[in-house]
Structures are given as C-alpha cells and as structure tokens.
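Visitor: Now for the letters of each chain:
Number of protein chains: 2
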Amino acid sequence: MRGVLQLRTPQSDSEQPELARVEPAPTAPKVRFRDSQIEMAHGAGGKASRRLVEGLFAPLLFGSNPEPLTDAARVAVGSDSVAITTDSFVVSPLSFPGGSIGELAINGTVNDLAVSGATAEAIVVTFILEAGLPTSVLESEVRAMADAACRANVKVVGGDTKVVEHGKADLMYVTTTGIGSPIPNLTIDPRSVRVGDKVLLSGPIGDHGITILLARGELDIEAQLRSDTRSVFPFVEAVSKVAAPGIRWMRDPTRGGVATSLNELARDCGLGIHIAEEELPVHDEVRGACELLGLDPLHIANEGQFLAVVAPDYAEAALAAMHEIPGGKEARLIGEFREQPSATVLVGTRYGGTRVIDMLVGDPLPRIC
Amino acid sequence: MRGVLQLRTPQSDSEQPELARVEPAPTAPKVRFRDSQIEMAHGAGGKASRRLVEGLFAPLLFGSNPEPLTDAARVAVGSDSVAITTDSFVVSPLSFPGGSIGELAINGTVNDLAVSGATAEAIVVTFILEAGLPTSVLESEVRAMADAACRANVKVVGGDTKVVEHGKADLMYVTTTGIGSPIPNLTIDPRSVRVGDKVLLSGPIGDHGITILLARGELDIEAQLRSDTRSVFPFVEAVSKVAAPGIRWMRDPTRGGVATSLNELARDCGLGIHIAEEELPVHDEVRGACELLGLDPLHIANEGQFLAVVAPDYAEAALAAMHEIPGGKEARLIGEFREQPSATVLVGTRYGGTRVIDMLVGDPLPRIC
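Chains A and B are the protein sequences, given in the same order.
In short: position in the first sequence from 1, add 18, done, that's our numbering.
In short: position in the second sequence from 1, add 18, done, that's our numbering.
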C-alpha cells in the first residue's frame with residue numbers, strides 16, 4: 019500500500035539538522051495546503067494526496083525539509099535499524115473476487131516493508147467497527163488476516179478495537195502497522211537512479227482497482243477478474259539475491275497505479291522515464307473497462323505488483339529471477355531512464371507516438387483499498 | 019490507551035510452543051465469542067471487549083494460548099527487542115477542554131509504551147478523514163499531534179491518509195502506532211505480583227471520561243473539568259530510577275478505568291486487591307457527575323494517570339518520586355495485595371464496609387477516546 023503521508027527519516031545528521039528530526043519546528047510552520055476542505059481525491063494517492071502531504075502534514079510533523087517519499091521509515095532502536103510502515107484500509111465492498119479487507123491489510127503492510135528493502139517481522143492491527151456489524155463478517159476478516167500473515171510468514175502481535183455508532187464506519191476500517199528488519203546490502207534511493215537504468219514490472223496491471231469497481235455492481239460488465247492482492251516479498255527477495263548492488267528503487271504501485279509511482283520517482287530523481295506501452299501487461303478485462311470509463315490502466319491500483327529500477331548490467335538477471343516467482347511469469351522490462359524530458363514519464367505508444375503520463379489527478383475510483 | 023486486543027508475545031520458547039508464536043493454529047480454532055453482532059460495549063475496554071479479544075481475535079490471530087494482556091508487544095529485531103503498540107482514536111467530540119483527538123493519539127501511544135516499560139522512539143499515524151472535513155480542523159489536529167510529540171520527545175516518522183464519503187467517519191479517526199526501546203532492568207509481569215505489594219496511583223481519576231461526557235452537552239452540568247491527557251512517561255521514568263527492582267506492573271487506566279485495569283491484574287495474578295476508597299483522589303465534579311449518572315469513578319476513563327504495583331520495600335521511594343513529577347502531587351498509595359479473595363478487587367468504603375468492584379460492564383460512555 020502506497021502510504022501518502024510516509025516520509026523517510028533522514029539517515030544521517032548531515033542530511034538534516036538534528037533539531038528538525040526530533041522536534042517540530044520551534045515556530046509554527048507555514049502550511050501551504052490551500053484547499054478549504056478534504057475531498058475524496060485527497061485520499062486517492064495521486065496529485066491531491068501529495069499536495070496534502072507536502073503542504074500540510076510534512077511541514078507540521080516533519081519540519082520544512084522532508085526527504086523523498088518512501089513506503090516505510092527507518093528508525094534506530096538500540097543498535098539496530100527498524101523499518102516501520104502504517105496504512106489504513108477502507109475498501110468498499112469489504113470482500114471482492116480474489117481477496118478482502120483483512121487480506122489486503124496484511125499484504126499491503128508486508129509489501130510496503132518489502133519495497134523499502136525490509137523483511138516484515140511483526141504486524142499490529144486496529145479495527146474500527148460499526149455497531150451492528152455481524153460477528154460472522156468480523157470473524158471472516160480476522161481469519162483472512164491470520165491466513166495472509168501465515169502465508170507471508172509474519173506474526174500479528176497485538177492490536178486494538180474501537181466501536182462507533184452504526185453508519186459511522188461503513189462496516190469496518192482496518193489499520194495495520196508493520197515493523198521489519200532491513201535486508202542486508204540493499205539501498206533504495208530514488209536519487210541513485212542513473213540514465214540507462216531499466217524499469218521492471220512483475221505482471222498485469224490494474225486488476226485490483228477494476229475488480230473493486232466491478233464488485234460494486236455499478237457497471238454492467240461481467241468479467242473474470244480477481245484482485246492481485248498478495249505479498250510481493252518473494253519478488254524483492256529473488257531480485258535482491260541476484261541483483262542487490264544494482265537495485266536503485268522498488269515500489270508496489272497501489273493507489274494511483276504505476277503512473278503515479280513512476281511520476282514520484284521521476285520527480286525525485288529528475289530524469290525522464292520512457293515506458294513502452296506495448297510491453298505493459300494488461301488483462302483484456304482491465305483494458306476494456308478502462309476504455310469504457312476513459313481511464314488509463316497505468317492509473318489503476320494494484321495490490322500485488324512489483325516495480326523495480328535496476329542498473330542495466332543487472333536487468334537480465336533480475337528479470338529472470340522474477341520469472342521464477344509464482345505469479346511472475348509475465349514480468350517484463352517496461353522502460354528505461356533517459357536524460358530528457360526531465361522529471362517526466364513518457365509512454366511510447368504502439369503506433370510510434372509518445373505521450374506524457376502524469377500522476378493520477380482526482381479520484382475516479384474511490385475506496386479501493 | 020488500553021488496547022483491548024493487545025497480547026504480549028511470549029518471551030521465551032518454554033512459555034509457548036514455537037508454532038503458536040509464528041503461525042495461526044493449523045486447524046481452524048474454535049471461536050467462543052457468541053454475540054451475533056458487534057455492539058458499542060465491545061469497544062468500551064471492559065468485559066465485553068475482553069470477551070471479543072479472548073473469544074475471537076486471540077484464537078484466530080495468536081493461537082489458543084495467549085499470554086496476559088499488556089499494553090505493548092515485544093518483538094525481536096536484529097539483536098534488539100522492540101516494543102510496539104497501536105491504537106485507534108474515535109473520540110467524539112474531536113476537541114474538548116484540556117485536549118483533542120490529535121493530542122490524545124500521541125499521548126496514548128507514548129503511555130502504552132511507557133507502562134510496558136519502554137521509551138517511545140517513533141510514532142506513525144494514519145488518518146481516516148471524511149470528505150467535507152474543513153481543512154482547519156485537520157490542521158488543528160496535526161498541530162496538536164506535533165506539539166504533543168514535541169512535549170513527549172518522540173518523532174512522528176510517517177503515516178497514511180484515507181478519505182471516505184461524508185458521514186462515514188464522524189469527521190476523522192486517527193490511528194497511532196509507536197515503537198520503543200525497553201527501559202533497562204525493568205520487568206513488568208502481572209504474575210510477579212506478591213501478597214503485600216502496594217498499589218500506587220498518580221492522581222485524580224475520571225477527569226477525562228467525564229470531560230468528554232460534558233463536552234457533548236447532553237448533561238445539564240457546568241463544571242471546570244479538563245481532560246487529564248498527558249504523557250505518563252515522566253512517572254515511569256521517575257519510579258524506575260528509584261524502584262526498578264521492585265516494580266511488578268504498571269498501567270495507564272484508560273477505557274474501563276482503574277477498576278478494569280485492576281480486575282485484569284487480579285485475574286492475571288490470582289490475588290485479591292484491596293483498595294481504600296478514601297485514598298482515591300477524585301475531583302468533586304467527577305464525583306458529582308458519577309452520582310447523578312449512577313457510575314463509579316473507578317470505571318471512568320483517564321488519559322494521564324499512572325497505576326503501579328511495587329514491592330512493599332520500594333513503595334515509599336516510588337511514591338515520593340511520583341510526588342516530584344509535575345501533576346503528581348496527589349499521588350497516593352491506594353491499596354495492597356492479599357491472598358483473599360482470589361482474583362478479585364475489593365473496595366473498602368469510608369464507612370468501614372467493603373464491596374467487590376468488577377470490570378466495566380456495558381458502555382455507559384461510548385467514544386471517549
């Protein structure tokens with residue numbers, strides 16, 4: 019799950035003064051977020067989310083000079099570095115083909131740790147339940163969490179429950195927080211990306227977002243589509259084994275889709291990302307629904323895909339390793355980094371043209387995770 | 019904040035088989051929670067909450083043999099032990115005399131770590147916001163969090179934001195998760211409590227719960243009462259300095275009040291706890307409101323009080339140390355442990371009688387934290 023408020027803690031004192039790391043700025047920081055109220059788009063993971071984070075949360079909570087956005091923060095505890103990530107899940111409907119909120123919550127947290135270069139060690143969970151929720155629904159989601167945690171080899175070690183009045187939580191909201199231990203010899207930093215680096219993608223995009231949309235029954239489309247929710251840790255592990263020194267950046271492209279993840283990266287590294295549209299794996303059902311709705315599969319959320327940027331010398335080995343992972347057969351090299359156009363993502367179409375693809379703007383598919 | 023789902027991870031292999039620690043039980047565990055739907059009482063921190071945790075969450079998520087409930091789990095990361103705790107906050111109204119949801123969320127998490135014997139190192143936060151929330155309200159709560167974190171000397175290192183439709187989150191819900199490093203030479207275990215041990219309390223009880231009740235304006239009472247929300251870490255630190263070897267157990271008595279915390283302890287240690295009612299510090303406003311509503315101040319939530327059980331030889335030094343902490347002037351020795359009645363909390367009244375005081379049953383004051 020792409021956390022929209024997540025900021026990396028500075029890794030060394032030279033990057034940021036100690037004061038800003040430990041305390042909020044001594045004088046009230048200036049907030050530049052000018053929207054007068056919160057809209058659905060602020061939770062969609064795209065441009066509006068980023069504005070909210072950079073214009074309101076970051077100045078108040080992190081001081082004026084935050085690091086690039088990442089999926090998990092690093093904290094020193096004792097002599098060790100601990101990765102920590104947190105996400106709330108508000109998906110509607112609670113269950114859908116291929117998964118449910120409980121499974122999503124575990125996998126999303128495992129994935130945020132994984133793409134930050136950490137192995138999930140433990141998860142804590144809170145439930146906000148609405149009065150009147152059938153126990154059977156709760157039990158089913160708790161079982162889904164237990165099963166997903168078992169598959170991902172992570173322990174659930176504690177949690178909390180709150181109950182609100184009927185109608186005030188859309189059945190249930192779930193928040194999961196995970197801590198993990200860093201994978202040795204792996205450094206993930208968007209600023210380490212160089213011209214010529216390759217972009218790898220684990221498989222078909224958009225399945226999760228479109229599955230949720232169809233599960234709501236608002237569209238008269240029948241499709242055999244399932245959410246791709248799963249742990250992407252096996253991809254991280256496999257790629258790390260064969261290409262650790264060449265790995266620059268990893269991400270699970272959730273809210274806002276592949277386009278938003280790559281735009282964030284382009285902005286952070288300053289380079290141009292050239293994506294070959296014909297290399298993008300997209301299921302026909304997703305393509306069809308997107309055409310009908312005027313959406314781009316690159317903007318649709320995934321819950322089990324893995325994006326990696328690797329140095330050119332490591333691309334072949336990394337891709338081969340991804341192919342060996344269950345669910346990784348369709349992994350592809352989808353693009354590369356060039357000097358120009360700076361801080362921009364370009365898609366080369368199958369007809370020889372190119373188009374700029376921006377972050378997600380607005381929120382065409384709310385409440386998908 | 020007393021987390022109702024929180025379970026301690028077993029500290030050694032001898033306490034529980036490895037399987038139960040790492041994976042859900044291999045066969046579907048028997049769930050004994052028989053209520054057909056979730057009610058407000060399941061979130062109140064009392065008997066119904068405990069039934070939900072022990073009958074549904076624990077068997078599915080932790081296996082069949084959980085450890086005593088604590089406020090934070092311990093997880094091994096690298097060579098270090100990390101304390102972790104999580105809580106959701108759904109308080110209504112969002113702000114009230116003496117505090118607001120943002121301040122509550124930071125202090126509650128710092129306090130859960132503190133009473134588990136850990137120093138808060140970092141906090142992550144998620145917001146579930148409803149569409150239409152005025153930005154000024156959000157900004158005010160983020161500022162409150164930053165200020166509380168600054169006062170408690172803890173960093174906020176990341177987070178996440180989700181937005182749900184108007185009406186589906188009662189303005190906002192906040193979830194905070196904290197990690198901390200264990201305070202050396204401190205062991206908190208209800209099973210270490212012995213006959214003769216003393217119960218210490220930091221100050222007046224019930225202020226928070228009654229403040230919230232009055233802030234709702236449903237009662238025609240005027241009172242100069244403020245929530246006691248604050249970090250209790252200074253109490254933990256002070257007591258640890260002078261009495262570490264004699265500290266058996268600590269708790270911040272939030273939902274369910276002092277009575278629920280002590281009943282959980284009585285159950286876990288098997289002894290009788292004798293409380294002297296006349297030693298309990300209670301503000302007149304709280305006493306008055308409780309009399310009017312037929313409630314016991316011992317059942318009302320606190321957000322800045324500290325309960326400790328210490329060996330008799332250390333009680334005087336611990337109490338003296340508590341008196342030195344700002345807000346600790348009214349700290350008292352309120353009771354002691356006896357053999358009988360087993361697993362029960364008895365209150366000796368000021369008229370010479372005694373009465374059994376149970377955990378909170380039902381939920382007279384919902385949505386207080």
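Hints listed in this document are in silico derivations from the structure and should not be mistaken for laboratory results.
Accuracy of the hints is not assured; some may be wrong.
[As the list claims (entries may be wrong)] Partial chain A-side listing against chain B, Cβ under 10 Å, derived:
(1) Ala-59
(2) Leu-74
(3) Gly-150
(4) Asp-188
(5) Ala-256
(6) Val-260
(7) His-341
Glycine residues also receive a C-beta, built at the ideal position from the N, C-alpha and C atoms.
Visitor: Against each hint, give a clear statement of whether it holds in the structure.
Guide: These are the hints, each one checked on the structure:
A cut of 10 Å between beta carbons decides the hint on Ala-59 (chain A): the least distance to chain B is about 8 Å, and the hint holds. Satisfaction of the interface hint for Leu-74 (chain A) is found here, the shortest Cβ-Cβ separation to chain B being roughly 6 Å, below the 10 Å cut-off. This hint holds: Gly-150 (chain A) has a C-beta 6 Å from the nearest C-beta of chain B, less than the 10 Å allowed. Hint status for Asp-188 (chain A) relative to chain B: holds, with the closest Cβ pair at about 5 Å, below 10 Å.
Given the 10 Å rule on beta carbons, the hint for Ala-256 (chain A) is violated: about 22 Å separates it from the nearest Cβ of chain B. Here the hint on Val-260 (chain A) is broken, as its CB sits about 24 Å from the closest CB of chain B, past 10 Å. Against a cut-off of 10 Å between C-beta atoms, the interface hint on His-341 (chain A) is violated, since the closest Cβ of chain B lies about 29 Å away.
Consistency with the previously given hints fails for numbers 5, 6, 7, ordered from lowest to highest.
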